[in-house]
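Peer 1: One-letter residues, chain by chain:
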Amino acid sequence: MAAPCRKMASRSFPQLLCYFSRIAVGSGACRRFSVTPIDRATPRASTAADRATSPWSLMAAVCLQRLPVITADCSPIEQRFKQMLQQMELEKSLVSDHELRLMEDAERMSRRQADDYDSDEEDRGDQEIMMTQDLEDTWEQRLKNFQPAPRVRADVDKDLSSAQRCLADSLVLLAEQQVGAERLWLLPQAAWQEGETLRQTAERALDSVTAAGVKVTFLGNAPCGVYKYKLPKAARTEGSVGRKVFFFKAILADGAPGSAPTAPLLWVKKSELQKYLKPSYMMKVDRFILNL
Amino acid sequence: INQSLNTYKTLEALLLRTVRVNMFLSFCFVSGTASINERQYRDMPTHGIGRWRHLLPKQAKKKKDRNQQKELVSATDTAYGTLNVKVSGYDMTVVEHYSQYIHNLCNRLNIKVAESYALPTKSTEVLLMHEQGNKTYVDGVLKTHQRVVQLSSLNASLCPVFVDVILKNQPEGVQLSVQEHTEADYQARFKARPELEGLIAQINQ
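So the sequence lines, in the order shown, correspond to chains A and B.
Per UniProt numbering, the very first residue in the first sequence carries number 1; after that it's consecutive.
Per UniProt numbering, the very first residue in the second sequence carries number 1; after that it's consecutive.
Just so you know, the hints here were simulated from the structure itself, not pulled from any lab data.
Note that this is a predicted model, so its numbers are computed, not measured.
One should not assume that every hint holds.
To be verified - Lysine-lysine pairs mimicking DSSO-like chemistry, simulated, CA-CA at most 27 Å apart:
| id | chain 1 | residue 1 | chain 2 | residue 2 |
| --- | --- | --- | --- | --- |
| 1 | A | K144 | B | K86 |
| 2 | A | K284 | B | K168 |
| 3 | A | K215 | B | K135 |
| 4 | B | K143 | A | K144 |
| 5 | B | K63 | A | K215 |
As the list claims (entries may be wrong) - Short derived list, chain A residues pointing at chain B, Cβ under 8 Å:
| id | residue |
| --- | --- |
| 6 | L67 |
| 7 | I77 |
| 8 | S170 |
| 9 | G220 |
| 10 | N221 |
| 11 | A222 |
| 12 | C224 |
| 13 | K249 |
| 14 | I251 |
The beta-carbon is built from N, C-alpha and C at its ideal position, and this holds for glycine as well.
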């Protein structure tokens, strides 16, 4: 079963057109994505001679991540540094057009109020209809009327199955799947079948676990991690000693997945993964999930 | 008296020697003033001993090829071809810093960066309707800045890692897009030349 790795290498890679945009308060809690694959080469059928029998059966799993929607809060030292930099920038900056106009208007007012004011002396251009101060007041009024959405919603944060929780962190999708005799929490996986690439297997795994209509961008054709385990002695046969699971990274595009899945889903942060995954599995998965 | 004589003789000898040296120097100086650029030590027999560039065959000087198009790398089985990582947004400092971050990341990961350029800024005027009337007024002008980092080849196994890191570090208000580089993209950077187009139209008529 060493064929699939060779197959992957010998296939020409589909070209990806990915568009990612990050807008803080956009519609929905996800970044907008669009992917247009240009060339998708059809898989070349492997000859029987290629395939060497190996006791390991292959599976592909998908590490679906929902990227953070809002910026994380700054630590105290970061806040102090930020304030210091802002102050430095303010002190080094020049006066803007708006501020210049404000100063000119204030000067004009003070000149008008002086006793010896001669309006003919004043060389006026076109007299502004709106004074600059009034403009500023209207802007302030509009700002007060604007209600931003709350950054942290405690009740949504606690709901582990919602994709809207913890907007400042990146979340990973976990699904409860039947492995052997028991139900375990792990990254959605599916067994590899003849004639498909491992990435297609990963896509199938994701489709089987989430509802249809979920827009997902796979980051590449190469897996980012592997986990192999041997079956318990009772289940071992001549042909299969264990399983190798290849992980593929994917990013959740616009739209939270509608949860009408057969298996329960969880969206967890990297720090919470330990509670749900088995230790040896966790060690391998830990390596490729970035906690930036 | 002998001693003093001796000292006088040595002094004299010294003076003569110095005078001779001075005369020697002044002699050289006299010959050197023929051209101010001539340096004195050209009379040394070992002058120009290390020169070798005059022995090479003459190379014709290339005209400036800075603006020539770099060849488009085509995709192979294990690597993507020429990719354009386009960063755009309203805030120029953020956009530029992010594109610099991507460039530095590529350098660190040994991804070859073919080019790194900026596309022209697009200005968008935001017009709002007056509350009471039908007329619109200019609320503000938004400028969209775009920066492109062109990667010559990206290893397919490195691609998911690279894109993941870039995405996780994407700042707010910045749009990221990864596309293939095409000939059309390159031609779009040039300004339109109306006279040339007019002449071509005349020829074709």
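Peer 1: Hint by hint, note whether the structure agrees.
Peer 2: Hints and how they fare:
no. : hint               : verdict
1   : A/K144 with B/K86  : 36 Å, violated
2   : A/K284 with B/K168 : 20 Å, holds
3   : A/K215 with B/K135 : 41 Å, violated
4   : B/K143 with A/K144 : 25 Å, holds
5   : B/K63 with A/K215  : 50 Å, violated
6   : L67                : 6 Å, holds
7   : I77                : 20 Å, violated
8   : S170               : 7 Å, holds
9   : G220               : 4 Å, holds
10  : N221               : 6 Å, holds
11  : A222               : 4 Å, holds
12  : C224               : 5 Å, holds
13  : K249               : 5 Å, holds
14  : I251               : 7 Å, holds
Of the hints listed earlier, those the structure fails to meet are numbers 1, 3, 5 and 7, in rising order.
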